[in-house]
Structure formats: C-alpha cells, structure tokens
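Q: Going line by line, the protein sequences match chains A and B.
The C-terminal position of the first sequence is numbered 112 in this note's numbering, with every residue numbered one higher than the one before it.
The C-terminal position of the second sequence is numbered 115 in this note's numbering, with every residue numbered one higher than the one before it.
FYI, nobody ran anything at the bench for these hints, they're computed from the structure.
For glycine and all other residues, C-beta sits at the position ideal for the given N, C-alpha and C.
Some hints here could point you the wrong way.
In the DSBU-like style, the derived pairs of lysine-lysine whose C-alpha atoms are separated by at most 30 Å in a straight line are [stated by the list, open to error]:
(1) 78(B) x 79(A)
(2) 68(B) x 2(A)
(3) 45(A) x 2(A)
(4) 78(B) x 24(B)
(5) 2(A) x 42(A)
(6) 24(B) x 68(B)
(7) 42(A) x 68(B)
(8) 79(A) x 24(B)
(9) 68(B) x 45(A)
(10) 45(A) x 79(A)
(11) 24(B) x 42(A)
(12) 45(A) x 24(B)
(13) 78(B) x 68(B)
(14) 42(A) x 79(A)
(15) 68(B) x 79(A)
Distance ranges between label pairs, derived from CB positions [as the list claims (entries may be wrong)]:
(16) 40(A) x 66(B): 47 to 57 Å
(17) 53(B) x 17(A): 41 to 51 Å
(18) 8(A) x 115(B): 46 to 56 Å
(19) 27(A) x 103(B): 25 to 35 Å
(20) 83(B) x 54(A): 21 to 31 Å
(21) 39(B) x 69(A): 23 to 33 Å
(22) 3(B) x 56(A): 26 to 36 Å
(23) 53(B) x 29(A): 44 to 54 Å
(24) 59(B) x 69(A): 14 to 24 Å
(25) 17(A) x 12(B): 20 to 30 Å
(26) 56(A) x 61(B): 23 to 33 Å
(27) 111(A) x 3(B): 44 to 54 Å
(28) 40(A) x 59(B): 21 to 31 Å
(29) 3(B) x 40(A): 29 to 39 Å
According to the in silico footprint, chain B covers these stretches of chain A (three or more CB under 8 Å from chain B) [to be verified]:
(30) 42 to 51
(31) 100 to 111
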Amino acid sequence: RKEVEQDPGPFNVPEGATVAFNCTYSNSASQSFFWYRQDCRKEPKLLMSVYSSGNEDGRFTAQLNRASQYISLLIRDSKLSDSATYLCVVRLEDTGRRALTFGSGTRLQVQP
Amino acid sequence: DAGVIQSPRHEVTEMGQEVTLRCKPISGHDYLFWYRQTMMRGLELLIYFNNNVPIDDSGMPEDRFSAKMPNASFSTLKIQPSEPRDSAVYFCASSPGEGREAEAFFGQGTRLTVV
Numbered sequence: 001r002k003e004v005e006q007d008p009g010p011f012n013v014p015e016g017a018t019v020a021f022n023c024t025y026s027n028s029a030s031q032s033f034f035w036y037r038q039d040c041r042k043e044p045k046l047l048m049s050v051y052s053s054g055n056e057d058g059r060f061t062a063q064l065n066r067a068s069q070y071i072s073l074l075i076r077d078s079k080l081s082d083s084a085t086y087l088c089v090v091r092l093e094d095t096g097r098r099a100l101t102f103g104s105g106t107r108l109q110v111q112p
Numbered sequence: 001d002a003g004v005i006q007s008p009r010h011e012v013t014e015m016g017q018e019v020t021l022r023c024k025p026i027s028g029h030d031y032l033f034w035y036r037q038t039m040m041r042g043l044e045l046l047i048y049f050n051n052n053v054p055i056d057d058s059g060m061p062e063d064r065f066s067a068k069m070p071n072a073s074f075s076t077l078k079i080q081p082s083e084p085r086d087s088a089v090y091f092c093a094s095s096p097g098e099g100r101e102a103e104a105f106f107g108q109g110t111r112l113t114v115v
C-alpha cells in the first residue's frame with residue numbers, strides 16, 4: 001500500500017466550478033501535511049500547509065481528519081490558471097524521518 | 001535569493017556512462033533532499049542530508065547511485081554506470097531546519113535520458 005494515495009484524475013471542470021481533491025495517508029505518525037502544486041514540466045511548489053482545524057487561503061480550503069487519516073483540498077471558483085497537478089504531501093517528524101512523502105498527484109484541467 | 005540551483009537542466013547519455021547531477025541549496029537551509037520523478041512511480045525520495053550528513057538513503061535504488069554533500073552549499077548525485085531505467089527527472093530540494101511547517105523548496109530539476 002502506498003504511504004500517500006490520491007485519485008490521479010484527471011478532473012476536467014469548467015471555469016467557475018468548485019472541485020475537491022481527497023488524499024489518504026497510511027502512517028498514523030505523520031505530523032505535518034501539505035498540498036503542493038506542480039505545473040507541467042516544472043518543479044513542485046508549496047500551495048498551502050494543512051492544519052488540524054482546517055485552513056483557508058483565498059479560494060483554497062484544506063481540511064485534515066487525523067482519525068480517518070484523510071486530507072482534502074477544495075478549490076472554489078476555478079480559474080484556467082488552476083490547471084496543474086496537485087500533490088498531497090505528509091511528513092513524519094520523528095528522528096531520522098523528516099523528508100516529505102508525496103502522493104502521485106491529482107491532475108486538474110480547468111476548461112473555458 | 002536565487003533559489004535551489006540544479007545543473008545540468010538536461011542530460012542525455014549513453015547506457016554505461018557516468019552521470020553527475022549537481023545541486024546548490026538555498027543558503028542557510030539545513031536539509032537537502034534528492035527526489036526522482038517518473039510517470040510510473042511519481043516523486044520518490046532517494047536520499048536526504050541534515051547539516052551535510054546523510055540521514056536516510058533507503059530510497060537509493062542500488063549501488064550504482066551515490067550522493068555526497070561535501071559542504072553546505074553543494075551536493076552531487078552520481079549514477080555509475082547509468083541504465084535506461086534511470087531516465088527520469090531528478091529534483092533537489094532544500095528546507096530550513098526549524099519549524100514543523102518548514103517548506104521544502106525545489107530546484108527546476110535535471111531531466112535525464114539514458115539511451
């Protein structure tokens with residue numbers, strides 16, 4: 001079983017739509033959670049961290065459910081520029097395991 | 001700051017040749033990571049360093065791969081001998097040492113093709 005699992009998509013949505021991505025992680029000791037965005041043929045870049053209480057950044061809302069080991073990302077009012085691959089990322093904080101573990105990504109295509 | 005700098009951006013080499021990928025992390029970052037990305041396997045951690053010391057190399061696929069960090073501003077990933085299945089995009093990333101939420105910053109990657 002993969003440590004971080006995501007639906008690969010693609011999600012094809014019209015401009016202005018609301019779209020949600022989900023992600024599950026297998027290691028209950030994971031302590032930090034993120035969403036990264038990766039454009040085609042570019043490097044991954046941090047979109048937002050995910051906090052236990054849920055957090056929002058403009059049109060983006062992230063949620064964490066530790067009991068279910070589940071993370072979500074909601075994008076409201078989709079823009080063409082939101083088209084990218086969204087990577088769910090977790091990190092253990094125990095000694096010797098501080099690296100990020102990435103999901104395979106969910107591809108989003110926003111259409112005019 | 002220029003960000004994480006990787007070189008070369010593209011590398012095409014013949015099977016059996018030695019390949020060396022280079023990375024300059026962001027100044028002041030204590031952690032350096034090497035990742036490999038393929039369509040089939042996504043982003044995989046190969047190895048990471050803390051204060052120039054290798055901490056976890058369990059992701060290094062086999063003895064053909066080696067990584068060094070001789071100082072805080074430079075790291076190399078070497079493949080010898082290279083094989084076609086090593087073809088991938090190799091990313092270097094760095095991260096500050098403090099803070100649970102410390103972000104990892106990625107370089108632009110090296111696209112390696114082994115023919």
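Q: Hints first: check each against the structure and report whether it holds.
A: Going down the list of hints, with the structure as the test:
Distance restraint check for residue 78(B) and residue 79(A): the Cα-Cα separation of roughly 41 Å exceeds the 30 Å cut-off, and the hinted pair is therefore not satisfied. Taking the CA atoms of residue 68(B) and residue 2(A), the gap is about 28 Å. The hint holds against a cut of 30 Å. Restraint check for residue 45(A) and residue 2(A): the C-alpha separation of about 22 Å stays at or below 30 Å, so the hint holds. Annotation: proposed proximity of residue 78(B) to residue 24(B) holds, straight-line Cα distance about 15 Å (limit 30 Å).
The straight-line distance between the Cα atoms of residue 2(A) and residue 42(A) is roughly 24 Å, inside the 30 Å bound, and the hint therefore holds. With a CA separation close to 12 Å, the supplied pair residue 24(B) and residue 68(B) stays within the 30 Å bound. Straight-line distance between C-alpha atoms of residue 42(A) and residue 68(B) comes to about 25 Å, which keeps the hinted pair within the 30 Å bound. Annotation: proposed proximity of residue 79(A) to residue 24(B) is violated, straight-line Cα distance about 34 Å (limit 30 Å).
A hinted pair counts as satisfied when its Cα atoms are at most 30 Å apart, and residue 68(B) with residue 45(A) qualifies at roughly 25 Å. Restraint check for residue 45(A) and residue 79(A): the C-alpha separation of about 18 Å stays at or below 30 Å, so the hint holds. At roughly 18 Å between alpha-carbon atoms, residue 24(B) and residue 42(A) fall within 30 Å of each other, so this suggested pair holds. Straight-line distance between C-alpha atoms of residue 45(A) and residue 24(B) comes to about 17 Å, which keeps the hinted pair within the 30 Å bound.
For the hint linking residue 78(B) to residue 68(B), the alpha-carbon distance of about 9 Å falls within 30 Å, and the restraint holds. Taking the CA atoms of residue 42(A) and residue 79(A), the gap is about 19 Å. The hint holds against a cut of 30 Å. At roughly 42 Å between alpha-carbon atoms, residue 68(B) and residue 79(A) are farther apart than 30 Å, so this suggested pair is violated. Checked against the given bound of 47 to 57 Å, the beta carbons of residue 40(A) and residue 66(B), roughly 31 Å apart, lie outside it.
The hint said 41 to 51 Å for the Cβ distance between residue 53(B) and residue 17(A), and at roughly 48 Å that hint holds. Checking the proposed 46 to 56 Å range against residue 8(A) and residue 115(B) shows it is violated: the Cβ atoms sit about 28 Å from each other. Range check, residue 27(A) to residue 103(B): Cβ separation about 20 Å, and the 25 to 35 Å hint is violated. About 45 Å separates the C-beta atoms of residue 83(B) and residue 54(A), a value inconsistent with the hinted range of 21 to 31 Å.
Evaluation of the 23 to 33 Å hint for residue 39(B) and residue 69(A) yields a pass: the beta carbon distance comes to about 26 Å. The supplied range of 26 to 36 Å is met by residue 3(B) and residue 56(A), whose beta-carbon atoms lie about 27 Å from each other. Between residue 53(B) and residue 29(A) the C-beta distance comes to about 23 Å, which lies outside the given range of 44 to 54 Å. The beta-carbon spacing between residue 59(B) and residue 69(A), approximately 22 Å, falls within the hinted interval of 14 to 24 Å.
Between residue 17(A) and residue 12(B) the Cβ separation comes to about 41 Å, which falls outside the hinted range of 20 to 30 Å. Between residue 56(A) and residue 61(B) the beta carbon distance is about 40 Å. The supplied range of 23 to 33 Å is therefore violated. The hint said 44 to 54 Å for the Cβ distance between residue 111(A) and residue 3(B), and at roughly 32 Å that hint is violated. Taking 21 to 31 Å as the suggested C-beta distance range, the pair residue 40(A) and residue 59(B) conforms, at roughly 25 Å.
Restraint check, residue 3(B) to residue 40(A): a C-beta distance of roughly 19 Å breaks the suggested window 29 to 39 Å. Here's how the segment 42 to 51 of chain A fares: 6 of its residues keep a CB closer than 8 Å to some CB of chain B, so the rule of at least three is met and the hint holds. Closer than 8 Å: that is the beta-carbon criterion, and the segment 100 to 111 of chain A has 6 residues meeting it against chain B, so the requirement of 3 holds.
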